Amino acid sequence: MTPPPLPNTQALQRDAMRERLGLFGLVLPALLLILVTMLLPVGWLFYLSILSDNGAFSLEHYRRMWEQPSYARTFWTTFEVSLLTTGICVLLGYPLAYFLSELPKRAANLCMIAVLLPLWTSLLVRTYAWLVLLQRRGLINGWGMDLGLWDEPLSLVHNLTGTLIGTVHVMLPFLVLPLYAAMRAIDRNLLRAAANLGASPLRSFWLVLFPLAMPGLASGALIVFILCLGFYVTPAVLGGGKVIMVSSRIANDIELFFNWGAASALGVVLLVLTGALILVAMRLPGMGGMLRSQEVSR
Amino acid sequence: MPRDSALPITISQLTKRYGKTYALDHIDLEIRSGEFLTLLGPSGSGKTTLLTVLAGFTRPDGGSLKFGDTEMISTPPHKRDVGMVFQNYALFPHMTVAGNVAFALKLRGVNALETAQRVERALDMVRLAGFGARGIDQLSGGQRQRVALARAMVFEPRIMLMDEPLSALDKQLREHMQLELRQLHDTLGMTTVYVTHDQREALTMSDRIAVINGGRIMQLDTPRAIYERPRNRFVAEFIGESTFVPVQVAGGQVALGGCILKTAATAPADGPRLLMLRPERLRVLGQADIGGDHINVLDATLVSAVYQGDSSLLQVVLPDQTMLSVRSASVGLADVGQLRPGSALRLGLDVHDTVLLAPEEGPV
Numbered sequence: 001m002t003p004p005p006l007p008n009t010q011a012l013q014r015d016a017m018r019e020r021l022g023l024f025g026l027v028l029p030a031l032l033l034i035l036v037t038m039l040l041p042v043g044w045l046f047y048l049s050i051l052s053d054n055g056a057f058s059l060e061h062y063r064r065m066w067e068q069p070s071y072a073r074t075f076w077t078t079f080e081v082s083l084l085t086t087g088i089c090v091l092l093g094y095p096l097a098y099f100l101s102e103l104p105k106r107a108a109n110l111c112m113i114a115v116l117l118p119l120w121t122s123l124l125v126r127t128y129a130w131l132v133l134l135q136r137r138g139l140i141n142g143w144g145m146d147l148g149l150w151d152e153p154l155s156l157v158h159n160l161t162g163t164l165i166g167t168v169h170v171m172l173p174f175l176v177l178p179l180y181a182a183m184r185a186i187d188r189n190l191l192r193a194a195a196n197l198g199a200s201p202l203r204s205f206w207l208v209l210f211p212l213a214m215p216g217l218a219s220g221a222l223i224v225f226i227l228c229l230g231f232y233v234t235p236a237v238l239g240g241g242k243v244i245m246v247s248s249r250i251a252n253d254i255e256l257f258f259n260w261g262a263a264s265a266l267g268v269v270l271l272v273l274t275g276a277l278i279l280v281a282m283r284l285p286g287m288g289g290m291l292r293s294q295e296v297s298r
Numbered sequence: 001m002p003r004d005s006a007l008p009i010t011i012s013q014l015t016k017r018y019g020k021t022y023a024l025d026h027i028d029l030e031i032r033s034g035e036f037l038t039l040l041g042p043s044g045s046g047k048t049t050l051l052t053v054l055a056g057f058t059r060p061d062g063g064s065l066k067f068g069d070t071e072m073i074s075t076p077p078h079k080r081d082v083g084m085v086f087q088n089y090a091l092f093p094h095m096t097v098a099g100n101v102a103f104a105l106k107l108r109g110v111n112a113l114e115t116a117q118r119v120e121r122a123l124d125m126v127r128l129a130g131f132g133a134r135g136i137d138q139l140s141g142g143q144r145q146r147v148a149l150a151r152a153m154v155f156e157p158r159i160m161l162m163d164e165p166l167s168a169l170d171k172q173l174r175e176h177m178q179l180e181l182r183q184l185h186d187t188l189g190m191t192t193v194y195v196t197h198d199q200r201e202a203l204t205m206s207d208r209i210a211v212i213n214g215g216r217i218m219q220l221d222t223p224r225a226i227y228e229r230p231r232n233r234f235v236a237e238f239i240g241e242s243t244f245v246p247v248q249v250a251g252g253q254v255a256l257g258g259c260i261l262k263t264a265a266t267a268p269a270d271g272p273r274l275l276m277l278r279p280e281r282l283r284v285l286g287q288a289d290i291g292g293d294h295i296n297v298l299d300a301t302l303v304s305a306v307y308q309g310d311s312s313l314l315q316v317v318l319p320d321q322t323m324l325s326v327r328s329a330s331v332g333l334a335d336v337g338q339l340r341p342g343s344a345l346r347l348g349l350d351v352h353d354t355v356l357l358a359p360e361e362g363p364v
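If you're matching them up, the sequences are chains A and B in order. Here the first sequence stands for residues 1 to 298, numbered as in my numbering. Here the second sequence stands for residues 1 to 364, numbered as in my numbering.
Since the hints were made in silico from the structure, they are not lab data. Just so it is clear, the structure is predicted and the values come from calculations on it, not from any experiment. Mixed in with the good hints, there may be bad ones.
To be verified - Here chain B is said to cover these stretches of chain A; the calculated rule only asks that three of the stretch's residues, wherever they fall, bring their Cβ under 8 Å from a Cβ of chain B: (1) 99-106; (2) 155-167.
What the hints assert, rightly or not - Computed list of chain A residues with no C-beta within reach of chain B, every gap over 12 Å: (3) W76; (4) V125; (5) W143; (6) M145; (7) N196.
As the list claims (entries may be wrong) - Partial selection, computed: residues in chain B whose CB lies under 8 Å from chain A: (8) A55; (9) R108; (10) G109; (11) A112.
C-beta: ideal position from N, C-alpha, C; glycine also.
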């Protein structure tokens, strides 16, 4: 015996379809923007990178990168600066994020403004401010020698140290923000429960807080690392030509040599390496889930 | 576990202030070894603060707290060795059920084999055997509740603290868990301090109840004494339904509704009093019922009757215009719930159910 047909099934299905289309319409502008500003230029870059100077298809830009050791050095420097910046940001940002998450909401919001304040100032201004502070006859060296803390001016800028000071300063909020959010979302009763079950504060941290805040730490560190890979202004100014990152080299290729092909090839290689690195990171035991799902901490 | 593995708790002068308000106002309380004591009060009464002081999460301004003979007031929470069940369970979401239960044992250096056995036994006790490998998010509310319980008792603490552990469960499960929790307490024998704002839960489970309001203990007594002989208006109002009638005591006699009331209190002192009546203790008498020596008979007129299933709630008025509530059990289709407003009634009131309170504070 077949049941009698339900009324209105077609109309209801049409409604459901219309709802789905409406939802898709909401993301359409963003998708178009990404297509125009991201995918097309990247495709264009890739196309340029496989053209030789006379316009024929060739892999000469890639071959040159492979053959000249200076390119390998540039990539190494890029990853070195990015890793060190990320590491220092974690060391500085973790306690800060924890401190903020322990504060009452209102006080934490005030402090958060202080953390975010640097983002409201022009990157260029901040970078040149560091130059003024750090250079041989800068404020820090001046005070240090006046107070007799050191006799010769320290070289704080135009080297790796200066670059790291600048990049860490710029990147710190990007680490603190997601980490703070993850820590804030952790139920404080979990820490109380850990203590009640016999865990000292240190063990509560390692056994409960740290693993639960891991998604925030992972996403913060990843954001910092990836932003660093393509960082241009600060390393270029504070590195003073001694710390050459991929972005500086791309700028040189275009501004000095007008070689769009070489610059594009560098861009493509950086993009591929970054993508590969993220994929590897997500395969690490435990990391994949942490990067993918933020709701673990709830 | 034998009974002597429980510890008594002695609290004296315990005080905690937030700004100008007292969360705990010089609390003195002795909790007996192996007792099931409930802290009962409205929200903001200080009952949870008291529990968190016992657990070590809240630092009081002063006072003394002893487990057995040991002063614990400044012992950090991880060295107190008390079990605790949290209101929202506070299970570690990144661990399995077994991982949660084993947590305390691992911290105490119990070896892997014994840990596994004790975890299994604890899960067995809360009827969750075989659930060890599950994730917390795969459990229902009632199951989480049981895991929290297993986690708190697996290291055999001599004191157990429970902070409204059943408040997130639906009514049926809650009533079931009340009996189960009480049985578990009787089996394990530890001293249990239980916080709730649910009076029925407190009456069902406790050996003694401490009714708390404004950071002070309003009454500490057995469930029966708390209900039958409340010592002040707050306790009488907070627990059960009650009607308060201002009365005058003159010459050791109480007048209500135009007649002299027989009371259980022997010769109360003269002056204004509050008479507390429980609606379910006022009985609608039949025509032939003449009461007796220990029954007061009152004439009344019905104002309204509301049928509520197991009982009907009547509003009646006495000849002197005093309004009373009467709860009458429903019996069949032709019970008092079907009476018309304006009908005359006769009410019976046992002398033991007349409680005289001072107009403001304390017993007579």
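We went through each hint and held it up to the structure:
Residues of the stretch 99-106 of chain A with a Cβ under 8 Å from some Cβ of chain B number 0, which does not satisfy the need for three, so the listed coverage is violated. Here's how the stretch 155-167 of chain A fares: 0 of its residues keep a CB closer than 8 Å to some CB of chain B, so the rule of at least three is not met and the hint is violated. For W76 (chain A), the requirement that its beta carbon stay farther than 12 Å from each beta carbon of chain B is met, with the minimum near 36 Å. Consistency note on V125 (chain A): stated as away from chain B, and its beta-carbon is indeed over 12 Å from all of that chain's, at 43 Å minimum.
Taking the minimum C-beta to C-beta distance to chain B, about 42 Å, the non-interface status of W143 (chain A) holds against the 12 Å cut. For M145 (chain A), the non-interface assignment is confirmed: its Cβ lies about 47 Å from the closest Cβ of chain B, beyond the 12 Å cut-off. Chain B draws N196 (chain A) into its interface by the beta-carbon criterion, the shortest separation being 5 Å against a cut-off of 12 Å. Here the hint on A55 (chain B) is kept, as its CB sits about 6 Å from the closest CB of chain A, short of 8 Å.
For R108 (chain B), the shortest C-beta to C-beta distance to chain A is roughly 6 Å, which falls under 8 Å, so the interface hint holds. A distance limit of 8 Å between C-beta atoms decides the matter here; for G109 (chain B) the minimum to chain A is near 10 Å, and the interface restraint is violated. Contact between A112 (chain B) and chain A, as hinted, is not supported at the beta carbon level, the nearest pair being about 17 Å apart and thus beyond 8 Å.
Hint compliance for this structure: hints 1, 2, 7, 10, 11 are not met, and every other hint is.
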